[in-house]
Amino acid sequence: MSTDTDIDAEAYAERVRDDRRKKDEFFAEHPRSPIPQAARSDFAGLRYFDPDPEYRFETPLHEHDDPERITVETTQDGVREYDNVGEFRITVGGEDVTVQAFQSPDDFDRLWVPFRDATSGEETYPAGRYLDLEDPDDRTADGDWVLDFNEAYNPYCAYAEAYECPLVPMDNWLDVSIRAGELLPEL
Numbered sequence: 222m223s224t225d226t227d228i229d230a231e232a233y234a235e236r237v238r239d240d241r242r243k244k245d246e247f248f249a250e251h252p253r254s255p256i257p258q259a260a261r262s263d264f265a266g267l268r269y270f271d272p273d274p275e276y277r278f279e280t281p282l283h284e285h286d287d288p289e290r291i292t293v294e295t296t297q298d299g300v301r302e303y304d305n306v307g308e309f310r311i312t313v314g315g316e317d318v319t320v321q322a323f324q325s326p327d328d329f330d331r332l333w334v335p336f337r338d339a340t341s342g343e344e345t346y347p348a349g350r351y352l353d354l355e356d357p358d359d360r361t362a363d364g365d366w367v368l369d370f371n372e373a374y375n376p377y378c379a380y381a382e383a384y385e386c387p388l389v390p391m392d393n394w395l396d397v398s399i400r401a402g403e404l405l406p407e408l
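Quick note, the sequence shown lines up with residues 222 to 408 if you use the working numbering.
The set of hints was computed from the structure by calculation and includes no laboratory data. We treat Cβ as the ideally placed atom computed from N, Cα and C, and that holds for glycine. The reader is advised that the hints may include incorrect statements.
Computed Cβ-Cβ distance ranges for the label pairs, DEER-style [said to hold, decoys possible]:
1. P288 - R236: 17 to 25 Å
2. E382 - R331: 24 to 32 Å
3. F247 - A362: 28 to 36 Å
4. D263 - D396: 32 to 40 Å
5. A249 - D287: 43 to 51 Å
Turn these sequences into a full structure, and let the hints guide you.
Here it is, written out as structure tokens:
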């Protein structure tokens, strides 16, 4: 596991900012935006931590020998099932951190990495944020996964109560601050 120290930090930051501009445009204009229609005229974009390559990790997925199917509660008192397929082991701010990775039982090309951290409820959405990792897009040439917390996003229920979002399993309630990705929305 490592942060990617060989990348051009400014080029990386510009790529992250460009992706964020595209997301802001989608949220402002697209019919499927989670931003309530009444709030879109005043919507000036999402708020983000500054891009920081220290929160981008190239790391193997330590696969569980026998993935456990778990039931995750949702914000609307529903439930969803996921398979806990493995864990990422990283170091954040000098602290060793283990983050569980999940798959929907019908989606084998994507990992879902939900998390809460020490910023949750203060600077970021209280219920936590998500990362979606897709194979092969988020893989390195040698098979490691790219776990980039600069891409951490708020679930749609952060913008409108009508959305039903899975809650972060307690195994991914982290004691460290992940000062990357989306901040608490202000609508």
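Structure-based check of all given hints:
In this structure, P288 and R236 break the distance hint of 17 to 25 Å, their C-beta atoms being roughly 33 Å apart. At roughly 26 Å, the beta-carbon separation of E382 and R331 lies within the given 24 to 32 Å, and the hint holds. One distance hint, 28 to 36 Å for the beta-carbon pair F247 and A362, holds here, with the actual separation near 30 Å. About 36 Å separates the C-beta atoms of D263 and D396, a value consistent with the hinted range of 32 to 40 Å.
A249 and D287 have their C-beta atoms about 45 Å apart, which keeps the hinted 43 to 51 Å range intact.
Checked against the numbered hints above, the structure breaks only hint 1 and satisfies the rest.
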